[in-house]
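Trainee: Just so you know, the protein sequences line up as chains W, A, G and X, in that order.
Residue numbers for the first sequence follow my numbering, so the first one is 1 and each next one is one higher.
Residue numbers for the second sequence follow my numbering, so the first one is 1001 and each next one is one higher.
Residue numbers for the third sequence follow my numbering, so the first one is 2001 and each next one is one higher.
Residue numbers for the fourth sequence follow my numbering, so the first one is 3001 and each next one is one higher.
Keep in mind that the hints are not guaranteed to be accurate.
[As the list claims (entries may be wrong)] Restricting the straight-line Cα-Cα distance to at most 25 Å, the calculated cross-link-like pairs of lysine-lysine (DSS-like) are: (1) G:K2169 x X:K3168; (2) A:K1168 x W:K168; (3) X:K3131 x W:K302; (4) A:K1302 x G:K2169; (5) X:K3302 x G:K2168; (6) A:K1302 x G:K2302; (7) A:K1302 x A:K1089; (8) G:K2169 x X:K3302; (9) G:K2030 x G:K2097.
It is worth saying that the hints were derived from the structure and are not from the lab.
There are 4 protein chains.
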Amino acid sequence: MDQIPVAVLGATGSVGQRFISLLDSHPWFKVVALAASDRSIGQKFSDACRWVLNEPMPEYARDMIVVPASPDSVQAKIVFSALHNEIAKDLEPQFAKAGAAVCSNASSYRREEDVPLLLPEVNAGHIQLVKQQRINRGWSGCILTNPNCTSAGLTVALKALDDSFGVKKVFAVSLQALTGAGYPGVPSLDIIDNVIPNINGEEEKVEWEPRKMLGKWNGNKIDLSNMRFSAHTNRVAVIDGHTVCVSVELARPTDPETAEAILRAYAAPESVRELPSSPRPVISVRNEADRPQPRLDRLTGKGMTTVVGRVRRDPLLDLKFVVLSHNTIRGAAGGSIYNAELLVNEGLL
Amino acid sequence: MDQIPVAVLGATGSVGQRFISLLDSHPWFKVVALAASDRSIGQKFSDACRWVLNEPMPEYARDMIVVPASPDSVQAKIVFSALHNEIAKDLEPQFAKAGAAVCSNASSYRREEDVPLLLPEVNAGHIQLVKQQRINRGWSGCILTNPNCTSAGLTVALKALDDSFGVKKVFAVSLQALTGAGYPGVPSLDIIDNVIPNINGEEEKVEWEPRKMLGKWNGNKIDLSNMRFSAHTNRVAVIDGHTVCVSVELARPTDPETAEAILRAYAAPESVRELPSSPRPVISVRNEADRPQPRLDRLTGKGMTTVVGRVRRDPLLDLKFVVLSHNTIRGAAGGSIYNAELLVNEGLL
Amino acid sequence: MDQIPVAVLGATGSVGQRFISLLDSHPWFKVVALAASDRSIGQKFSDACRWVLNEPMPEYARDMIVVPASPDSVQAKIVFSALHNEIAKDLEPQFAKAGAAVCSNASSYRREEDVPLLLPEVNAGHIQLVKQQRINRGWSGCILTNPNCTSAGLTVALKALDDSFGVKKVFAVSLQALTGAGYPGVPSLDIIDNVIPNINGEEEKVEWEPRKMLGKWNGNKIDLSNMRFSAHTNRVAVIDGHTVCVSVELARPTDPETAEAILRAYAAPESVRELPSSPRPVISVRNEADRPQPRLDRLTGKGMTTVVGRVRRDPLLDLKFVVLSHNTIRGAAGGSIYNAELLVNEGLL
Amino acid sequence: MDQIPVAVLGATGSVGQRFISLLDSHPWFKVVALAASDRSIGQKFSDACRWVLNEPMPEYARDMIVVPASPDSVQAKIVFSALHNEIAKDLEPQFAKAGAAVCSNASSYRREEDVPLLLPEVNAGHIQLVKQQRINRGWSGCILTNPNCTSAGLTVALKALDDSFGVKKVFAVSLQALTGAGYPGVPSLDIIDNVIPNINGEEEKVEWEPRKMLGKWNGNKIDLSNMRFSAHTNRVAVIDGHTVCVSVELARPTDPETAEAILRAYAAPESVRELPSSPRPVISVRNEADRPQPRLDRLTGKGMTTVVGRVRRDPLLDLKFVVLSHNTIRGAAGGSIYNAELLVNEGLL
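All chains should be modelled from the sequences, with the hints used to inform the complete structure.
Mentor: This is the structure in structure tokens:
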């Protein structure tokens, strides 16, 4: 199979870097363009980019010349967008109009009725919205979005429980990693020996995005789930990996052992089980008293697996547990790539 | 006034050190003995102790010779106990029997019906239990306890709200500091770039201890509060200061502004407002979007003040907010000293 | 005695904050103005400033209105400058011309021949340069400078050794705290689980500034010391307190015990021993195998003391040891205040 | 080729874990036994081991049953020793006598005249000592050692310079990672917001071990290098990767550019260039002003490459630079495996 030409928009930022790293050995996709803001254009990527990942910069990217983030400069069938929201708002439709499939990590279009908000292992069927989006907007391309990094793992775990027990209420408190804020992001004096008990706009996202992803595609649009949420979001001194403490009320209460078995057995829709970025397993359930932990568990399933632990009874609702998910892999770049694979697999590219 | 001779049991540990530091310039109390385990006995304190506080070791303690933790070796009217729970269980009654007022940070006797579990700014009246304790047990001394470090600040905030609005349910997720685990405590490889989503036995304490402190003294015993709790407890890379994300359901719902005003206006019972360790103010309410933060706010009111911020509506219950409290001052040694001051002030020494 | 009116320039930055904190209860000085850049002017200080110190903002500063950093707006006999170097270069002479004594933490004038670079416990006599400065420049005020934060503690230790043994060569490697870079300063992703092995311009300062401070005032100018230096400077994940590993070659070699005794006995020139900010002691020598440590020792002598430890033989030169000094107290704001006290004490204000 | 059966002694410790991780997909070696202390024997490895690496535990190891660390229980041609020094001292000779090649990370035998201390890219020829060792001791097996983790990278860089310019004196100050101290190792309260300016016994090792590795095999024994060293060693809040600030005096002084070219061009002896663990490249030279950094550069060349940066003139000696090396890969387990590959390649197994 010929490789599909892809591009990364916002390539020099921390999520852009993660795209570049994950696409290094991708079996379907070949990076043909790295686009960024004015300051970097015309420079070699290795000169333009302050690399912040633990893993070294892939060789293929080092000598690529950074190009402008415009459809004229970027000849790619798929563009992965790590753009800031305001910029994404303007630019992503330009690419979609020009025929590219935009797999976006930005929040700008997540709430649009005809734009799918995707976690393939949860709601692969929502990809059908793309057809409607093309009709509505007259685009030959399209925009696909993935959720904010905290909602990603949380929603995977909720989906498994919801299918079997019906989740009614969700109380979620996050301890989020620094890479979620980009680079330079959080000043060191704000986080060494400290916690920041707020992330702007994040609680609203966590309280809404899972409802769309867990909603039903009725052939025309997504009916939002009736699940109700309360979220507190915090920043802690962790490089990668968001931890979320969750309590849930169930329509059909169960015991922790049964819930663990259901979580462990959760399988993605068949069409997305064997894609290059499919999480293997979708959910890993830990039995130790003190897991999951971000440093030790974030790379489970190459960072695509949702890790759940400490499933136990909740004195107010029904169950409590802890969810961990890699925020820049499953929760950002890896998720966008998985979405792109779904699009290709469905013949919608 | 002559100073009252006091002693510290478990003086070399991290809470013991905090006692020594806080008692440095105490107007009522004079440290006459530092007691610790066998290994240290007979050594100069400065040789026996691996000091872990940010503040230097007080001069008065450096040359004191460590003595055994037994009533024979310790001649003091008040003994502050920073002993481990199993040791406290045996030793504290020996001191109480021998006539000392034991102000304990250990959990061993917190649940005993005739032992007060005290936060003077919340339940100073519970000190009356001491009389009954002396009758029940035939002691001339007594045991007073303070709550675990996470319950301390949480309960102060709940008390203020409960008085005005009636708190029915509490969802609490903690981000706890390392000093809560003592020394050597948490290995560095467990917490750098990491979170530990569990603290053994802590959730049970947070779900029960506030109910005793918020309970009513009916002249005979404490009627536990009916408030219901769900707690998740986490360890994070912070030296001092426990942060707790809280959501509450109220009997008489209110708006965030009114709740803030009530919190800000909360006053301790009159008898404990002007003691040397009284928090000034009892509660500090922050208006910034990202406060309280442990590094910046833990020393508010010399570490005795409970700091509350981000008071806002909760989509599931009624209100959400964040509570911060210094875990080894208000939540441990400072709390025990405040309890001792209450005892003296009530003429119960 | 009436208090002397003083001002802080650059009041909202991290060194400015340290000035405000240290001046809170100063017996001689009263803060009458807080000046900062355009953005903050006209705001209450508590609104304009993102406070980053562990200690809470002093009450006196909270409601002061931030004024422009110009002689017209600031009526003070002494102005403490925490300005950035380029701004300091322009502004400080304006204040000196207008009659103020500028005690500056900026590097702009440290190398000027008629500007004293002061550590009172080392070279109080250099204050005499002020007279010449006034003649040369026609100022009624003056500019006094203190060294960069790494040179401060290092130079105090070298002075003690130089007096007794003659220091010829100095090899110095620093592990510097984050507050040295101001706020926002170092991004958290650059320093969690990391070291940055460079601080721009710092090595040159460490290799030159001690030579001026250890130089001799010959009645006309300072003859630079012939001591020779090699410095490596590194940033590490520490909030406050610079650690420096030092090896020295001596003209008259000695053993570690004698060197320790000399360091411990070092006294400041008599005129600066009893000022409000005088370090007590000037040098603290630790005997433990693993001290000094920044978190535990930086507040020795209220952060003004230089702490030395691990004095031992060096296989290449003569002695090795470790120096610790609080970078924003002894190495910045506290040093400037001590300089101001010296100026007042000498009748040169 | 049939895979060679190998074992790991001290498998549950942090270096043991690194061996297990690196041997996961080794082309020549197959792990047939994991041995540890009494406490773990008979348990499944995944139950016995508190895994501390960022990468998940390899699948192959999870269900292996931990066996005693004795020649009777371990049937392997090569045993990788991650034992503590005192235990290694007794056990390693037992394995060597029983016919195994012991590739040891312990320091117990590094100084023995007939035991090679190896960095294949530096002194592959020293492997010849094995023949003499077997004659001297009557062993069919042998003991090979690798240096302490700080000496590893330092010696690689010195070797390249020494070959071209003759290194006479070396001043080295390390900033060492936490994994060097094992698990539980350094308490978190000792290193968050802190530096520990000492590592027991480490400075002596850094001042001696490079002299053996850079020494000449004269056909009978190693003539130690005359290079002279002074070392300061520090622990910092880094998970993996030791940073060393180095200044050197050269017999034939050169400029930084030439030195960089020589470092960059350094090649391992031909026989060890194409082994599975050969560093590619041996030395990576960085040109940025602030590199190498442990988080960003430690995995260069899969953690086997020595990274050098900031090559510049030294005002006291000739050159200054910074060396970074992965302490548990190149400096421990990876180094031992490379040594084993050399042994096999030379037909000495």
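Trainee: State for each hint whether it applies.
Mentor: Comparing the hints with the structure gives:
Using a Cα cut-off of 25 Å, the hinted pair K2169 (chain G) and K3168 (chain X) holds, with the two alpha carbons roughly 17 Å apart. Under the criterion of a C-alpha separation no larger than 25 Å, the hint pairing K1168 (chain A) with K168 (chain W) is consistent with the structure, at around 20 Å. Pair hint K3131 (chain X) plus K302 (chain W) does not hold up; C-alpha atoms about 45 Å apart against a cutoff of 25 Å. In summary, the hint linking K1302 (chain A) to K2169 (chain G) is not supported, as the alpha carbons are separated by about 46 Å, beyond the 25 Å threshold.
For the hint pairing K3302 (chain X) with K2168 (chain G), the CA-to-CA distance comes to about 43 Å; that exceeds 25 Å, so the pair is violated. Of the supplied pair hints, the one linking K1302 (chain A) and K2302 (chain G) holds, its CA atoms being roughly 17 Å apart against a limit of 25 Å. Proximity of K1302 (chain A) to K1089 (chain A) is assessed by CA-CA distance (about 30 Å); at most 25 Å being required, the pair is judged violated. Distance check on the hinted pair: K2169 (chain G) and K3302 (chain X) sit about 40 Å apart at the alpha-carbon level, beyond 25 Å; violated.
About 22 Å separates the Cα atoms of K2030 (chain G) and K2097 (chain G), which keeps this hinted pair within 25 Å; it holds.
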